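Chemist: For the protein sequence lines, the chains are A and B, in the order given.
Each residue of the first sequence is one higher than the one before, starting from 1 at the first, in our numbering.
Each residue of the second sequence is one higher than the one before, starting from 1 at the first, in our numbering.
In the PhoX-like style, the derived pairs of lysine-lysine whose C-alpha atoms are separated by at most 25 Å in a straight line are:
(1) B:LYS226 to A:LYS360
(2) A:LYS38 to A:LYS289
(3) A:LYS85 to A:LYS121
(4) B:LYS46 to A:LYS205
(5) A:LYS85 to A:LYS33
(6) A:LYS360 to B:LYS321
(7) A:LYS357 to A:LYS327
(8) A:LYS331 to B:LYS265
(9) A:LYS273 to B:LYS46
(10) B:LYS314 to A:LYS346
(11) B:LYS46 to A:LYS202
(12) A:LYS85 to A:LYS30
(13) A:LYS357 to B:LYS265
(14) B:LYS326 to B:LYS265
(15) B:LYS219 to B:LYS314
Derived Cβ-Cβ restraints for the label pairs, each shown as a range:
(16) A:GLU354 to B:GLU286: 22 to 28 Å
(17) A:LYS205 to B:ALA288: 55 to 61 Å
(18) B:VAL198 to A:GLN55: 44 to 50 Å
(19) B:ALA288 to A:LYS312: 57 to 63 Å
(20) B:GLU286 to A:SER347: 19 to 25 Å
(21) B:GLY49 to A:GLN152: 53 to 59 Å
(22) A:LYS123 to B:TYR267: 36 to 42 Å
(23) A:VAL12 to B:ALA51: 31 to 37 Å
Here are some, though not all, of the chain A residues that point toward chain B, as calculated from beta-carbon distances under 7 Å:
(24) GLY114
(25) ILE134
(26) HIS168
(27) GLY169
(28) LYS202
(29) TYR270
(30) LEU330
(31) PHE334
Keep in mind that the hints were calculated from the coordinates and are not lab data.
Keep in mind that this is a model prediction, so the values were computed, not measured.
We treat Cβ as the ideally placed atom computed from N, Cα and C, and that holds for glycine.
Here are the chains, one letter per residue:
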Amino acid sequence: MFKTYSAKKDKVYQILDEKGNLVLPEEEPKITKETLLKMYQTALFARRADIKALQYQRQGRMLTYAPNIGQEGVQIGTAAAMEEKDWFSPMYRDLSIQLYRGESLENIYLYWYGNERGSLKPKGVKNLPVNVIIGSQTNIAAGLAMASKIRQTDEVTVFTVGDGGTSHGEFYEGLNFAAVFDLPVVGVIQNNQYAISTPTNKATKAETFAQKGVAFGIPYALVDGNDPLAVYKTVKTAIERARKGEGASLIEAYTYRMGPHTTSDDPSIYRTKEEEASWAKKDPLIRFKNYLIKKGYWSEKEEESYLETIEKEIGETFQKVESYGAKVELKEIFEHTFAAMTPELKSQMEEHEEFLKEVK
Amino acid sequence: MAAITLLQAINQALDQAMANDERVVVYGEDTGFEGGVFRVTAGLQKKYGEARVFDTPISESTIAGAAIGMAINGLLPVAEIQFDGFIFPALTDLVTHAARFRNRSRGQYSVPMVLRVPHGGGIRALEHHSESIEMFVASVPGLKVVTPSTPYDAKGLLLAAINDPDPVIYLEPKKIYRAGRQEVPEESYQIPLGKAKVVKPGTDITVVSWGALVRMVEKAALEVAKEGISVEVIDLRTLVPYDKETLIQSVKKTGKFMVVTEAVKSYGPASELIAMINEEAFYHLEAAPVRFTGFDITVPLARGEHYHYPSEEKIISYLRKLYLAKP
Numbered sequence: 001m002f003k004t005y006s007a008k009k010d011k012v013y014q015i016l017d018e019k020g021n022l023v024l025p026e027e028e029p030k031i032t033k034e035t036l037l038k039m040y041q042t043a044l045f046a047r048r049a050d051i052k053a054l055q056y057q058r059q060g061r062m063l064t065y066a067p068n069i070g071q072e073g074v075q076i077g078t079a080a081a082m083e084e085k086d087w088f089s090p091m092y093r094d095l096s097i098q099l100y101r102g103e104s105l106e107n108i109y110l111y112w113y114g115n116e117r118g119s120l121k122p123k124g125v126k127n128l129p130v131n132v133i134i135g136s137q138t139n140i141a142a143g144l145a146m147a148s149k150i151r152q153t154d155e156v157t158v159f160t161v162g163d164g165g166t167s168h169g170e171f172y173e174g175l176n177f178a179a180v181f182d183l184p185v186v187g188v189i190q191n192n193q194y195a196i197s198t199p200t201n202k203a204t205k206a207e208t209f210a211q212k213g214v215a216f217g218i219p220y221a222l223v224d225g226n227d228p229l230a231v232y233k234t235v236k237t238a239i240e241r242a243r244k245g246e247g248a249s250l251i252e253a254y255t256y257r258m259g260p261h262t263t264s265d266d267p268s269i270y271r272t273k274e275e276e277a278s279w280a281k282k283d284p285l286i287r288f289k290n291y292l293i294k295k296g297y298w299s300e301k302e303e304e305s306y307l308e309t310i311e312k313e314i315g316e317t318f319q320k321v322e323s324y325g326a327k328v329e330l331k332e333i334f335e336h337t338f339a340a341m342t343p344e345l346k347s348q349m350e351e352h353e354e355f356l357k358e359v360k
Numbered sequence: 001m002a003a004i005t006l007l008q009a010i011n012q013a014l015d016q017a018m019a020n021d022e023r024v025v026v027y028g029e030d031t032g033f034e035g036g037v038f039r040v041t042a043g044l045q046k047k048y049g050e051a052r053v054f055d056t057p058i059s060e061s062t063i064a065g066a067a068i069g070m071a072i073n074g075l076l077p078v079a080e081i082q083f084d085g086f087i088f089p090a091l092t093d094l095v096t097h098a099a100r101f102r103n104r105s106r107g108q109y110s111v112p113m114v115l116r117v118p119h120g121g122g123i124r125a126l127e128h129h130s131e132s133i134e135m136f137v138a139s140v141p142g143l144k145v146v147t148p149s150t151p152y153d154a155k156g157l158l159l160a161a162i163n164d165p166d167p168v169i170y171l172e173p174k175k176i177y178r179a180g181r182q183e184v185p186e187e188s189y190q191i192p193l194g195k196a197k198v199v200k201p202g203t204d205i206t207v208v209s210w211g212a213l214v215r216m217v218e219k220a221a222l223e224v225a226k227e228g229i230s231v232e233v234i235d236l237r238t239l240v241p242y243d244k245e246t247l248i249q250s251v252k253k254t255g256k257f258m259v260v261t262e263a264v265k266s267y268g269p270a271s272e273l274i275a276m277i278n279e280e281a282f283y284h285l286e287a288a289p290v291r292f293t294g295f296d297i298t299v300p301l302a303r304g305e306h307y308h309y310p311s312e313e314k315i316i317s318y319l320r321k322l323y324l325a326k327p
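Chain A with its partners taken away, still in its complex shape:
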């Protein structure tokens, strides 16, 4: 009478193993050298930018910060599979995707520095601002894609969500909506094993997050999130389907948050050093670098000089943000509430201006 679904036979799709060897050479995606280098360099840049941000935070120079360390592989594979015209509806731990798709580190730092101006994207970059409300980006993604469908553009919308985010109603409601209307949506679950301190076995009873696609009636895939090539290929396939009008799909990228949830979090409370060490071996940057070196596209020497360059660039970027980021004009906190400031807002602002003059 009752059936249970098992995803145990679903193998995790992997092209590159931990050491950077091609385990499925026939599956190796055709990516140009230029793109591969952009992918790797962006991932490395994001890693260093995170590490520096954590340092700045400890020095009291940065505010609460959510690093993407460990998740660069899934992010860079996802970003590279997208086209410029595609929409990205993010969560809040997507630094590598943000950078790859053309956001500046300066603005990203500025945002985490506590200044809304950091959410401004360069013209033509179709990344929505950081979304802190868990899972709600799914609904927005469904809406972006609905508009693409109605307006008959060939954009695809990609959204990311964490393992924890799949517990939210919006994840189910949004993906169901996307499924029902065959919307061009690709959902990428970055399963980094923890929702702050809560492990995935307390977020789902299902064997995988990927299999949730079954219930939506959409195709799903389970991919090694630390393998940028496998992620790239999976996301690319999903995007192509979506672009052809074949509807939504769901991808679970199995990865690991190597850093804290945010700088307010202490992972030593809920996970062991052994566990962290076992995942360090699966670091996406290690396998990607080895792969590139084997292909003759990259070398330790180039890495060294690249690191030196970006170290300087990242440091200078943060100093620049520090030089102006703390200054916010009173007007800025009012003027974007509505297209035109209401008389009430204007009077509240003017009253505060008066007060500021009074105490000067």
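Once you've looked at the hints, dock chain B against the given chain A.
Modeler: Frame of chain A, contents of chain B only:
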């Protein structure tokens, strides 16, 4: 008596409630194993086990909604919403069910649940972590709303909330979780809901506030006292049902009324309190009542928050003006 922080007082209240009544259960996001992101529930899972103190999926709607079912079925759930700005998915369950079950069932069912919510701004946090949500819950018929400003009150009000037969939203002023210590009795005690507290008596102006801002108002009052302005400071403690009588009596004495809150000005809690005073003590007013509030804007990120968040200086400025105001 030991001197403890407001956060420790809440922990102690939960601990004693669980020890004294096995119907009490505590849960939320990261609430069990880790003891919450603020560590308010630290140690409880170890002491009372995973069945009574547990972590949930990130599902605010179900955190609130399941509390309704648990409460109907014989438990006293004390659930946690991790941050004020995360409560919105839970509003469906609070508004459509928690608040209405007593009425819908003509008193057959009641929902004795408590929803704890770290509340308010001034901590330089990320978006959605510094919200004032009074108006979203206090305007719902059937929900009680409580917010303490001291460790002593935090413990007594929480125990009263857990003991209350109706759903209570318990707003915790996170800015002052660890801001100071106060001697708090070891034993279990309750502070009745619906009773305000006169923090500082005065004769010229009545100021009512609640949560993290009470201390700021008190400091401002002490400052203007040096200029001869005598301010009566009232900590509302319970927003629903609120203590009309204490406010009315105070205004009848002072003739001047100001509400200090970080919530929005338009349609916010200050408007309700002033409307009531206009109705009940209009002929005793010697000047127009004053709303000292946050602006009608999205709470700014850290670098712009100082404009929005109330300051002692600005409260002082308002007090001086109100003191001089004439009908």
